[in-house]
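Chemist: Sequence:
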Amino acid sequence: GLYMQHLGKPRIPTNDEMNLVMDWLLENLACKREDGTLRTIVEKYPFVMGRNIEDLDESRRFCPEDIDFDIAVSEDPALIDKTYNCDGICANQCTSCWYNG
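Numbering (the numbering used here), first residue to last: 11 to 111.
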């Protein structure tokens, strides 16, 4: 994108960091290793592996009450980046807003 030049060199997470994220996904989403649903989530949105636990918890915290976070993010893993909820009163943070999701 337009601002990618300012982001610098991408940071590749360590194996330990990725294992923490996978454990979080297994504990917080409707997915399992055994049936391949965890793999499907990572294949659909590999960027999730670069998130930290605080980011993931923040996304869950801002999820509206009428949305089942576990199922919604399992079906559309890109929702994991939603870390704001304007409740319909726009605050110009649409790309990170659950209301816009």
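Errors might be hidden in some of the hints.
Stated by the list, open to error - Label-pair distances were calculated between CB atoms; the ranges are: (1) Leu36 <-> Ile99: 31 to 41 Å; (2) Glu27 <-> Lys54: 12 to 22 Å; (3) Lys54 <-> Asp76: 35 to 45 Å; (4) Asn102 <-> Asn29: 28 to 38 Å; (5) Arg49 <-> Asp26: 31 to 41 Å; (6) Lys19 <-> Asp45: 32 to 42 Å; (7) Ile99 <-> Leu30: 27 to 37 Å; (8) Lys42 <-> Asn102: 30 to 40 Å; (9) Ile63 <-> Ala88: 38 to 48 Å; (10) Asp26 <-> Glu53: 30 to 40 Å; (11) Glu53 <-> Asp80: 33 to 43 Å.
Stated by the list, open to error - Straight-line C-alpha distance at most 35 Å; calculated DSBU-like pairs for lysine-lysine: (12) Lys42 <-> Lys54; (13) Lys54 <-> Lys19; (14) Lys19 <-> Lys42.
For the record, the hints were derived by calculation from the structure and aren't laboratory data.
Quick caveat: nothing in here was measured; it's all calculated off a predicted structure.
Heads up, the beta-carbon is just placed ideally off N, CA and C, and yes, glycines get one too.
Chemist: Of the numbered hints stated earlier in the document, which are not met by this structure?
Modeler: 3, 5, 9, 10, 11
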